[in-house]
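Protein chains: 2
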Amino acid sequence: MNNELFIGIDLGGTDIKGGLVDNAGKIVFETKIPTEAKKGPEHIFDRMSQLIQTLRDGAEAIVAGIGMGVPGQVDVDAGVLVEAPNLPGVDRFPVMDFLRERIDIPVILDNDANVAALGEHAFGAGQGVQHMLMITLGTGVGGGLILNGQVFRGAMGGAGEFGHMVVEADGELCGCGRQGCVEAYVGTAGLLRAVEQRLSNGEASSLAGISSEKRRPKDLGDAAEAGDTVAREVFSTAGHLLGIAMGNVANLLNLERIVIGGGVAAAGERILGPARVGFAETALKVSLKSLEIVPAQLGNAAGLVGAARLAMPVL
Amino acid sequence: MNNELFIGIDLGGTDIKGGLVDNAGKIVFETKIPTEAKKGPEHIFDRMSQLIQTLRDGAEAIVAGIGMGVPGQVDVDAGVLVEAPNLPGVDRFPVMDFLRERIDIPVILDNDANVAALGEHAFGAGQGVQHMLMITLGTGVGGGLILNGQVFRGAMGGAGEFGHMVVEADGELCGCGRQGCVEAYVGTAGLLRAVEQRLSNGEASSLAGISSEKRRPKDLGDAAEAGDTVAREVFSTAGHLLGIAMGNVANLLNLERIVIGGGVAAAGERILGPARVGFAETALKVSLKSLEIVPAQLGNAAGLVGAARLAMPVL
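Residue numbers (the numbering used here), protein chains in the order written: chain X, 1064 to 1378; chain L, 1064 to 1378.
Be aware that a few hints might be false.
For chains that are exact copies, the list does not tell them apart, and a pair is met inside one copy or across any two.
Listed below are the simulated BS3-like cross-link pairs for lysine-lysine, each with C-alpha atoms no more than 30 Å apart in a straight line [stated by the list, open to error]:
#1 Lys1348 <-> Lys1102
#2 Lys1348 <-> Lys1101
#3 Lys1281 <-> Lys1101
#4 Lys1095 <-> Lys1281
#5 Lys1352 <-> Lys1101
#6 Lys1089 <-> Lys1348
#7 Lys1095 <-> Lys1352
Everything labelled a hint here was simulated from the structure, so no lab data went into it.
Given the structure is predicted, the values throughout are model-derived calculations rather than measurements.
Model the full structure from these sequences, guided by the hints.
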């Protein structure tokens, strides 16, 4: 049924992206509107329903389902957005019921990290495996799990939380208030802090030429590329701890694949190289043997494609 | 069908235990023979087949199935014991095929940690939940996972490996050769090393009266009970790191229950108290809310009962 289409929605703190996706995971049309998160959840989802209607009206085929990734904790069965740190006022917002009053196709929603994992599993770097972890490296470190070929959500939809795995008890402070989480080293803030610490220790680096307020992960990438020792060592240390955390997951779940995406992953082998070393040191023989670490394939499209996949019948 | 019985076999490095178990998880008869591990796998499994025959002959009901827990990595579908550190000469030993030539009921086998988790899930402290981790604290630290109500084995049967989760990068050396694994702190050797380190630092303790070669975890428990500060702090530090590791798992899998068994768990709240604190510090809100930490209920019987459960039809 190639003339069926699915609507995928990727709700972020800044934009609502919407797209028409075919059942091979191809985006045939996409658009976005500002989230206007400060105006509250009713405003957001009311405008989203209009976006959905526009997509549907413009589709040159039947829209057979609508799926959505949202930046927070989801009760998938009830279709409720439980909480979302970047969407003020959201507290158990009944997304599915709210949209049902406005659109006559049911909307399925899930956490955005799960949706990205689903997208990569169905149409990207995770194709063909039963057990995988998708890691998203950005401001934060996100995770989504596919076990037995399906999104694994756990008891209350909270599963897949990789970023706050503690790999260094009493280690660096994380944005979440804990110490030693992998995000405290590999997240944007952690990388920039590590640079700052090295500069404070008097290490020489081209990064000293950028004021600390203006320094971005992109600058680290550029400096590392140009041979800057501080930038290279910061990536190396962070990557090594990322690898240890990945090894922990592989030992616990005997995965087949770890897919790595997100902005910081753009640093590529500068961070993935040391991660592979940390992983190989940590993974037990059986975990090591069964697993490959690969870059994500879908980029930013994973959110839209995965959301649309949520609405597709299980193959 | 209460007049059906199941044979459970618990193969250890020292003994082969065998039992007749009813479908309510009650052991109606049990016995054991020495493993004689040094004589190699053919010898072990040949004698095991005789044990099974004896159990079957003595059963006052039909034996409807045979399940077995083994101390190593298992290819469950093929019925092969891939490797077993405490059983010399085992290298992809075809247990199922070997026994099929001797007994006309198929034998199902799995790793002993998975089997214990299954036993506790079906008939002990894990009843009624979909997602749980069973941790066994002893010489080593073992783990078995139940996800979606079933044993989760991962890609090659290696899942559930909790003991070698790294919680302290570059931390204490573990028996596995890695650094900072939870077992390096909570396993028997780790606990004893921590005592030794404190005594070497000149800390006063009743444990100094026992030579280091003769010191056992039981002595730590007794000393802690009698108010010894060193013993109490060793349990407290180990328990805290155990709690962090449990929090990591809870965040990744959003579990409903963690069941703790094994010999060291006999230290009870001396180790579980600090573990609860470390857990609460590490677990995210949703992980914390959904989960309870409970002691195992079946004790040593978990191995036999879980093995028998392997052979029971899925309810």
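Now the hints, each set against the structure:
1. Taking the shortest Cα distances, Lys1348 and Lys1102 sit within 30 Å of each other only across copies (26 Å), while inside one copy they are farther apart (52 Å).
2. With identical chains, the CA atoms of Lys1348 and Lys1101 are at most 30 Å apart between copies only, with a shortest distance of 24 Å across copies and 50 Å within one.
3. With identical chains, the CA atoms of Lys1281 and Lys1101 are at most 30 Å apart within one copy only, with a shortest distance of 28 Å there and 59 Å across copies.
4. Taking identical chains as interchangeable, the C-alpha atoms of Lys1095 and Lys1281 lie at most 30 Å apart only when both belong to the same chain, with a minimum of 25 Å there against 64 Å between chains.
5. Only between protomers do Lys1352 and Lys1101 lie at most 30 Å apart by alpha-carbon distance; the minimum there is 28 Å, versus 48 Å within a single protomer.
6. Taking identical chains as interchangeable, the C-alpha atoms of Lys1089 and Lys1348 are never at most 30 Å apart, the minima being 38 Å within one chain and 37 Å between chains.
7. For the identical chains of this complex, Lys1095 and Lys1352 are neighbours neither inside a copy (42 Å) nor across copies (36 Å), given an alpha-carbon limit of 30 Å.
Violation of the numbered hints given earlier is confined to hints 6 and 7; the remaining hints are satisfied by the structure.
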